[in-house]
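Enquirer: One-letter residues, chain by chain:
Protein chains: 4
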Amino acid sequence: MKAGRHFLQIPGPSNVPDRVLRAIDYPTMDHRGPAFADVGRRALDGMKGIFRTEARVVIFPSSGTGAWEAALVNTLSPGDAVLMYETGHFAWLWDRLARNLGLQPESIVGDWRRGADPDAIEARLREDTDHKIKAVCVVHNETSTGSVSPIAEVRRAIDAAGHPALLMVDTISSLGSVDYRHDEWGVDVTISGSQKGLMLPPGLSFNAISEKAWKASQFAGLQKAYWSWAEMEEPNSKGYFPYTPATNLLYGLNEAIDMLNEEGLENVFSRHDRHGQATRAAVEAWGLEVLCARPEDRSGVLTAVLMPEGHSADNFRAVTLDHYDMSLGNGLSKVADRVFRIGHLGDFNDLMLCGTLSGVEMGLRDAGVPYKTGGIGAALEVLGRKWSGQMAEGRDAKSAAAR
Amino acid sequence: MKAGRHFLQIPGPSNVPDRVLRAIDYPTMDHRGPAFADVGRRALDGMKGIFRTEARVVIFPSSGTGAWEAALVNTLSPGDAVLMYETGHFAWLWDRLARNLGLQPESIVGDWRRGADPDAIEARLREDTDHKIKAVCVVHNETSTGSVSPIAEVRRAIDAAGHPALLMVDTISSLGSVDYRHDEWGVDVTISGSQKGLMLPPGLSFNAISEKAWKASQFAGLQKAYWSWAEMEEPNSKGYFPYTPATNLLYGLNEAIDMLNEEGLENVFSRHDRHGQATRAAVEAWGLEVLCARPEDRSGVLTAVLMPEGHSADNFRAVTLDHYDMSLGNGLSKVADRVFRIGHLGDFNDLMLCGTLSGVEMGLRDAGVPYKTGGIGAALEVLGRKWSGQMAEGRDAKSAAAR
Amino acid sequence: MKAGRHFLQIPGPSNVPDRVLRAIDYPTMDHRGPAFADVGRRALDGMKGIFRTEARVVIFPSSGTGAWEAALVNTLSPGDAVLMYETGHFAWLWDRLARNLGLQPESIVGDWRRGADPDAIEARLREDTDHKIKAVCVVHNETSTGSVSPIAEVRRAIDAAGHPALLMVDTISSLGSVDYRHDEWGVDVTISGSQKGLMLPPGLSFNAISEKAWKASQFAGLQKAYWSWAEMEEPNSKGYFPYTPATNLLYGLNEAIDMLNEEGLENVFSRHDRHGQATRAAVEAWGLEVLCARPEDRSGVLTAVLMPEGHSADNFRAVTLDHYDMSLGNGLSKVADRVFRIGHLGDFNDLMLCGTLSGVEMGLRDAGVPYKTGGIGAALEVLGRKWSGQMAEGRDAKSAAAR
Amino acid sequence: MKAGRHFLQIPGPSNVPDRVLRAIDYPTMDHRGPAFADVGRRALDGMKGIFRTEARVVIFPSSGTGAWEAALVNTLSPGDAVLMYETGHFAWLWDRLARNLGLQPESIVGDWRRGADPDAIEARLREDTDHKIKAVCVVHNETSTGSVSPIAEVRRAIDAAGHPALLMVDTISSLGSVDYRHDEWGVDVTISGSQKGLMLPPGLSFNAISEKAWKASQFAGLQKAYWSWAEMEEPNSKGYFPYTPATNLLYGLNEAIDMLNEEGLENVFSRHDRHGQATRAAVEAWGLEVLCARPEDRSGVLTAVLMPEGHSADNFRAVTLDHYDMSLGNGLSKVADRVFRIGHLGDFNDLMLCGTLSGVEMGLRDAGVPYKTGGIGAALEVLGRKWSGQMAEGRDAKSAAAR
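Chains as they are written, first to last, in this note's numbering: chain P, 1 to 403; chain A, 1 to 403; chain E, 1 to 403; chain F, 1 to 403.
Be aware that a few hints might be false.
No copy is singled out in the list; a pair is fine if it fits within one copy or between any two copies.
As the list claims (entries may be wrong) - Pairs of lysine to aspartate or glutamate, DMTMM-like flavour, derived with a Cα cap of 25 Å:
1. Lys386 with Glu54
2. Lys215 with Asp314
3. Lys386 with Asp366
4. Lys386 with Asp117
5. Lys215 with Glu266
6. Lys334 with Asp183
7. Lys2 with Asp18
8. Lys238 with Asp337
9. Lys238 with Glu266
10. Lys132 with Asp258
11. Lys372 with Glu284
12. Lys132 with Glu381
13. Lys372 with Glu153
14. Lys212 with Asp128
15. Lys2 with Asp366
16. Lys132 with Asp322
17. Lys212 with Glu309
18. Lys132 with Glu153
For the record, the hints were derived by calculation from the structure and aren't laboratory data.
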């Protein structure tokens with residue numbers, strides 16, 4: 001029995017707001033009845049607004065992993081080459097999934113400390129003169145490292161190379177937290193999930209689909225049934241689904257979309273950005289290093305922190321969980337036990353962040369990790385700029401959009 | 001604004017009990033943290049009890065349709081022949097899904113008015129002397145018709161034919177409502193879903209996997225990623241999942257398993273059986289015909305009713321929904337508009353059934369369908385036998401088990 | 001472990017709708033903070049609409065019993081005479097409470113089978129030439145008997161007698177179920193509670209206060225603190241309360257007021273009226289007797305039924321609860337074990353009523369009470385009139401209003 | 001639309017835990033039916049454990065104010081003298097309430113900066129040689145000031161004076177947060193409420209009643225009805241209540257009692273004590289003054305902080321609410337606008353406290369209040385002692401119990 005509220009500061013699932021929890025516990029309804037059409041339509045239309053697209057959106061009862069699979073099996077054929085950019089563990093997992101589906105993924109392997117490099121992508125595509133590469137796959141916000149990739153620039157790189165590959169982007173941990181624009185940025189398939197910026201429990205995933213991707217799907221040779229976009233089209237047009245949807249999570253999705261729109265997406269993005277800045281200020285004050293080495297790629301969703309040499313990140317996380325009832329994210333594969341991750345996404349605010357950073361500071365102390373005090377003070381200083389007439393530093397919405 | 005409680009009398013999703021709704025609205029937790037192991041283990045172990053198996057059970061964040069796909073892609077290779085038995089619409093959908101996945105399904109087409117015929121299966125398998133057929137697929141409770149197939153007899157038929165095909169059974173609408181025994185009946189893959197007898201919202205699906213099926217999975221050539229059993233094994237052994245599970249639905253699943261065990265599975269089955277009897281007594285008193293023509297195949301989960309010639313089942317259902325706020329199931333494909341379906345499954349009791357049957361009787365009247373009054377009286381008579389010293393008629397647990 | 005939903009068919013607490021249950025489980029807020037003002041104002045203003053008054057309404061964190069006490073202690077002085085009309089057990093309890101507070105209640109004792117008799121009240125008041133009687137207290141809907149008193153006629157009787165006594169009316173079990181008009185009917189203090197027609201859990205009570213009653217409160221000599229109207233005035237004017245209000249029940253109250261207004265009060269009243277008619281049709285078909293002997297006084301909230309001589313109502317209720325998981329109301333004091341009461345109020349609809357009446361019919365059978373079958377059929381016939389072009393019989397809104 | 005969770009850091013209502021919120025939204029049940037007896041008994045018996053008494057406990061559907069009234073009207077007669085000790089605003093309100101009920105309260109007026117002084121009480125009682133004083137009333141934890149009164153010492157003072165007055169103690173904001181022992185400390189009537197240490201929404205109140213108080217109640221002349229203990233006795237003995245109880249809040253109470261017992265009352269008390277220490281360390285580091293001047297009286301429930309001269313506490317609170325979505329308590333009457341109060345009670349933990357103190361520090365800054373940075377650091381230091389081998393300073397359970 002732990003008193004008080006658990007601090008769920010992993011980079012997703014994020015804290016689910018009370019409004020969403022209450023929405024999902026309404027009685028399940030007839031998903032074929034007339035009243036359901038409104039639920040389905042609100043969800044499908046509402047997600048277009050979140051993806052900033054006029055194109056098709058489909059919703060699967062599945063984890064985000066399923067939406068990765070859906071993006072590939074609907075557009076590609078056995079043996080197709082796919083260019084991935086390994087920004088971190090999740091990009092690597094997507095590569096692996098593509099291989100399991102019979103594709104030929106090829107990864108540009110980054111150093112896990114920055115977003116994807118558009119120049120490297122352009123260079124590789126220019127070499128692919130016979131257009132064997134059918135898709136370029138990039139993770140927008142790499143959840144394992146806290147690096148954001150410049151999607152608009154990747155689009156420009158593909159175009160500059162004159163290459164016809166589809167652009168597929170994983171926004172599982174960025175949608176609803178970091179500025180994202182499916183149409184404006186020329187993305188062909190955007191993948192997302194419910195349990196991060198959308199503030200829902202896990203169990204829903206999404207594809208936003210450009211007209212070009214839709215056309216590709218008519219010639220794609222990979223086998224598919226559950227993930228088939230084609231089956232969605234007719235029922236979706238009336239607010240229904242080809243098989244039983246996850247009704248109660250859809251109730252929650254509609255509530256979450258309302259909440260994001262009430263706050264305003266721009267405000268949501270700047271809130272996340274500001275929390276990222278405050279967190280990094282704390283990390284620097286502690287004398288620790290942010291994993292993401294390229295300042296303009298640092299994420300408003302999570303901050304991955306490198307542990308001082310000789311100290312176990314997992315031991316620190318275990319101590320923090322035990323002493324302060326806070327869950328932090330672990331380092332994955334390459335950076336296992338070297339890195340811990342602080343989630344500052346979703347339904348989150350300044351004082352929750354202050355509690356979170358206090359927990360990190362006390363956890364460092366209790367775990368015997370060398371650090372300097374003063375992290376919270378630094379964070380408080382950044383948070384206060386909003387009210388002191390100074391604008392928060394860093395990327396404003398326009399420059400972020402231009403990337 | 002409708003006063004009072006909606007009557008959700010489709011054959012699934014069923015009425016979700018308050019305990020389950022409250023369980024799913026607890027805050028989402030860290031699915032990689034130590035506390036989650038208990039949630040995962042309770043779900044995985046608890047489902048073994050419900051499937052009556054000692055073998056592996058896997059849980060997917062998906063609809064039941066996904067579990068159909070999982071059963072096939074984990075055990076079969078491109079071009080494999082599969083013997084299906086078309087008991088109704090859902091069996092037909094499974095055939096179609098198998099074809100979409102690159103298999104060669106072949107269906108024994110029934111008349112949609114009874115369960116699968118073990119003799120027909122045996123005969124077909126005897127012809128398959130070179131064992132091209134790799135799996136026999138049967139729907140236990142055909143949700144479109146209300147017919148139950150005799151699974152133990154299908155097993156005996158396969159054995160009698162000396163055929164090595166895997167036996168796959170869809171229990172999406174029977175598990176937790178009709179007696180089912182994965183191990184005792186020698187099933188290789190059992191498929192199920194959350195939104196029927198398990199009394200949950202949709203969004204979880206299941207495979208129970210015999211040792212033989214598990215071995216087959218190591219040689220199966222169909223591509224798979226999301227549905228891969230192999231990926232489940234290691235994390236499941238510790239209570240975890242290979243990708244983000246549908247945390248909040250798992251909370252509900254554990255609550256539902258507790259409820260089923262508190263009532264006792266035998267009591268749950270006899271409750272459904274008794275409600276099926278009472279419903280059929282009402283249908284007969286109204287002078288209408290039960291779709292399922294073979295008495296011993298009639299389902300305790302739902303009753304499909306044939307409309308009198310010249311009357312629209314869908315119009316009747318629309319009137320009933322409008323006048324009495326009750327959802328009934330529609331006739332699907334072959335029997336569209338000819339049949340309506342009364343769900344009497346899940347978290348359900350005598351007075352809910354009486355309200356349901358009253359709604360049907362009033363709906364028939366209001367829609368101008370010819371019928372005789374007295375259906376409710378007949379149902380009340382059947383329901384009363386429990387208390388009058390007379391045992392309820394019909395299949396007892398033993399005989400059902402023996403089928 | 002009982003499957004399915006309990007049938008809570010006592011005449012209050014009534015079935016609480018899901019929307020209200022979800023509303024009351026939102027986090028408690030600062031009842032002195034700026035955001036609370038809106039909650040308080042919506043509740044106070046909203047209740048004026050329900051009471052149909054422009055005058056003051058106060059809300060207590062208490063049961064309805066507290067609002068009885070509040071009405072008396074705010075307006076009367078030690079030793080004051082009060083004229084009560086004993087329509088049943090609750091009117092008798094109010095008399096007893098008045099005595100405990102140091103008043104001199106005097107009751108006109110009815111036969112518990114009809115509403116209050118305005119002529120008897122007028123006659124008594126005419127005798128009271130020196131106006132010792134300071135208040136006339138009447139229960140609008142007597143919950144123990146199912147009789148409705150004609151409040152507008154009582155007002156006319158008081159006026160006809162030229163008597164200055166205050167008119168106090170208990171609407172604990174009628175408000176939000178039976179037409180009621182505080183201002184138009186000239187009531188001075190209306191008493192009510194949350195757990196009946198307002199569809200909330202118990203814990204809130206109400207006084208609606210005429211200008212005359214308010215003035216009287218300035219000279220009332222009974223001691224008071226918790227119940228003091230005077231303390232309410234200033235904080236209520238801004239949406240606040242003098243001491244901590246029952247925050248979460250107020251959330252529910254606002255939701256319930258919205259629901260009543262969405263359905264429309266007139267529709268709410270006619271729904272209850274129609275369910276009363278259908279219930280009485282069933283009772284008559286069973287060959288049983290409705291306790292309320294005066295047809296125009298029969299309640300749309302509940303129906304009290306006389307048991308045949310020699311049969312125990314409490315045994316019947318126990319059997320019904322055990323066999324069919326339905327709670328019915330018991331007979332109180334004078335009619336203990338002679339009467340059972342069927343609640344058909346609050347968040348309720350046709351099929352819930354059919355389930356309820358089926359439970360009564362089966363309970364009668366199982367308990368060995370002599371009855372004729374056919375009650376449900378009779379109820380179905382009444383319920384169908386709404387759709388068959390025939391208007392439901394009986395008092396229309398206008399005639400009810402005129403009473 | 002504010003993102004994230006509101007910080008409700010007033011000294012009650014406190015943060016209601018999710019388990020309690022889920023408990024109160026279960027369907028309302030028949031409060032006269034057999035299943036309710038268990039709910040009622042668990043609540044009544046469970047509260048004995050919390051009060052640490054073997055004597056009677058009664059539960060009212062009301063705010064804590066009602067329980068003050070109940071304590072007085074059940075034991076005293078019109079005109080009785082009552083000795084109050086004015087530790088702050090709430091003690092003063094109780095005096096006022098006593099006067100409104102027709103008693104003759106007399107207050108020893110403290111300076112609002114410490115608990116009650118047992119010597120002053122003893123001195124006054126010694127003067128009262130003819131025992132006109134019938135009760136001594138003390139507030140255990142004065143919610144307006146954050147001072148705890150030494151109840152065991154007050155008992156000893158009364159005994160030392162050889163005075164027969166009843167000892168009545170208000171524990172509305174201490175029960176379930178600060179060590180309290182009704183029997184051991186010889187209290188006659190303990191008053192409490194649901195919305196503080198009991199972690200419930202407001203709407204329930206309590207009296208724990210010594211045998212001496214119970215006997216006094218048989219001769220008490222004040223009028224009473226709703227608050228009558230006598231009416232409770234018979235129904236309570238079976239788990240029922242004399243009028244409709246606040247069913248859903250009782251569900252929550254039983255859950256809250258379970259939670260307190262799971263954590264262990266001693267652990268609950270030391271948690272509050274430790275949070276009080278950490279808060280005061282922050283206040284001191286900010287260079288501000290804690291209102292409670294006597295160190296051993298400082299509360300683990302809340303900390304009242306004096307604003308620097310010339311600065312408005314209410315403006316600071318408004319800024320903090322606006323900028324950081326945190327509610328703090330205001331200064332009441334004498335100390336209005338001079339004091340703000342930080343609640344650290346109920347369902348609360350270290351990181352919630354850190355968020356709270358961060359909000360205070362940022363609010364001071366944004367409101368232009370002079371302060372020194374470093375409050376959070378000081379708090380973190382105190383919180384860390386638990387894990388650094390050093391015991392937390394201050395009163396241990398034994399010494400507190402001895403007071």
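Enquirer: Going back to the hint list, which numbers does this structure go against?
Expert: Going through the list in order, the structure violates hints 1, 2, 4, 5, 6, 9, 10, 12, 13, 16 and 17 and respects the others.
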